[in-house]
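Residue numbers (our numbering): 6 to 328.
Hints may be right or wrong, so weigh each one.
[Stated by the list, open to error] Listed next, the in silico EDC-like pairs over lysine to aspartate or glutamate satisfying Cα-Cα at most 16 Å (straight line):
| # | residue 1 | residue 2 |
| --- | --- | --- |
| 1 | Lys202 | Asp254 |
| 2 | Lys197 | Asp286 |
| 3 | Lys264 | Asp225 |
| 4 | Lys314 | Asp286 |
| 5 | Lys202 | Glu141 |
| 6 | Lys183 | Glu231 |
| 7 | Lys261 | Asp225 |
Simulated from the structure, these hints should not be mistaken for laboratory data.
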Amino acid sequence: MHIVIVGPGALGSLLTARLSLYLAGQGKGRADSDHQVSLLDYKPQRAALLARGGLVLEEGDRRQHCTPAVAAAPEVCAGADVLFLCVKAAAVRAALDRIRPFLSSEQLILAMQNGIAHLELLTALPCMPGVGITTEGATLLAPGRVRHGGAGLTRLGLLPPATAAAHSLLDRTTAVLKASGLAVRITHAPLKHVWAKLFINVGINALTALLRCPNGVLLDSLETRERMTMAVREAEAVARASGIPIDEDPLAATLKVCKATGTNISSMLQDISNRRRTEIDAINGAVVAAGSRLGIPTPVNAELVRQVKELESEFAGAEEGWP
6 MHIVIVGPGA
16 LGSLLTARLS
26 LYLAGQGKGR
36 ADSDHQVSLL
46 DYKPQRAALL
56 ARGGLVLEEG
66 DRRQHCTPAV
76 AAAPEVCAGA
86 DVLFLCVKAA
96 AVRAALDRIR
106 PFLSSEQLIL
116 AMQNGIAHLE
126 LLTALPCMPG
136 VGITTEGATL
146 LAPGRVRHGG
156 AGLTRLGLLP
166 PATAAAHSLL
176 DRTTAVLKAS
186 GLAVRITHAP
196 LKHVWAKLFI
206 NVGINALTAL
216 LRCPNGVLLD
226 SLETRERMTM
236 AVREAEAVAR
246 ASGIPIDEDP
256 LAATLKVCKA
266 TGTNISSMLQ
276 DISNRRRTEI
286 DAINGAVVAA
296 GSRLGIPTPV
306 NAELVRQVKE
316 LESEFAGAEE
326 GWP
């Protein structure tokens with residue numbers, strides 16, 4: 006089986022490194038010659054750099070080096086059985102436009118983005134669509150250097166119509182990821198988990214970006230907690246109106262994650278700090294858009310979108326790239 010990772014950002018680099026190390030036999034057990042992994046980077050110069058220097062995976066005090074196959078040409082996707090789409094939400098459309106000519110009905114694509122804005126794009130592809138929801142902590146320290154900051158859980162699931170072939174590929178993919186040392190589960194209700202993660206991102210990401218603070222600081226201010234509460238409750242109302250099943254109270258889950266990841270810097274704050282376009286449209290913006298369609302008011306999320314976009318306007322024209 007050939008797995009192609011699209012996008013050399015934090016998550017893409019983590020998946021590529023873990024799979025490469027396992028397939029090369031540097032993990033537990035012998036080398037696995039039945040599978041291969043390739044990394045696709047839309048920047049030729051960076052792709053060449055990664056091809057020469059490989060990837061360094063940092064986990065605690067341990068550093069491991071691997072040399073995966075790296076390509077800049079989207080033609081590499083034609084030989085894939087499974088593709089992991091690991092680009093930022095704002096870059097999904099551009100990435101799909103580049104790889105679409107090389108996709109077929111026999112392939113499975115798993116989109117790993119935050120938010121929900123990308124879901125309708127997947128169903129229009131010629132391949133079999135699925136999604137991934139992960140709590141793995143990954144930070145890109147530099148091109149080719151990724152830190153695995155905390156082990157998490159990755160859930161993979163298929164979007165309808167889910168064929169027998171798609172289920173078979175998903176089973177095989179899950180087995181390989183588990184063998185590489187990652188915790189992976191198959192879910193038969195992926196949208197439930199997509200929204201569960203969305204609730205947390207809605208409550209944390211924009212506020213940390215606006216306040217320029219780690220996650221845990223949000224809990225120190227009553228005013229900020231109230232704003233978080235209203236944003237999450239708006240998203241919950243939209244989800245319920247959309248027929249999304251909700252198992253755990255979204256606000257309780259958000260507060261729990263905020264406390265547990267108190268020293269973490271959210272991805273949106275990292276984007277703002279690095280003058281990159283954020284995923285605000287796919288997170289809070291998607292809640293506003295869905296609320297508008299359903300007739301549900303979302304004023305707090307709308308204001309968060311406006312404020313984050315105001316920050317983004319300070320670096321208008323910044324590159325959106327795949328990672």
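Here's how the hints hold up against the structure:
1. Taking the CA atoms of Lys202 and Asp254, the gap is about 12 Å. The hint holds against a cut of 16 Å.
2. A threshold of 16 Å between alpha carbons decides the hint, and for Lys197 with Asp286 the separation of about 20 Å lies outside it, so the pair is violated.
3. A threshold of 16 Å between alpha carbons decides the hint, and for Lys264 with Asp225 the separation of about 11 Å falls inside it, so the pair holds.
4. Distance hint between Lys314 and Asp286 is fulfilled; the C-alpha atoms sit about 9 Å from each other, no more than 16 Å.
5. Between the alpha carbons of Lys202 and Glu141 the distance comes to roughly 12 Å, so the proposed pair stays at or under 16 Å and holds.
6. The suggested pairing of Lys183 with Glu231 is violated, with an alpha-carbon distance near 40 Å, which exceeds 16 Å.
7. Among the hinted pairs, Lys261 with Asp225 is consistent with the structure: their alpha-carbon atoms are about 14 Å apart, no more than 16 Å.
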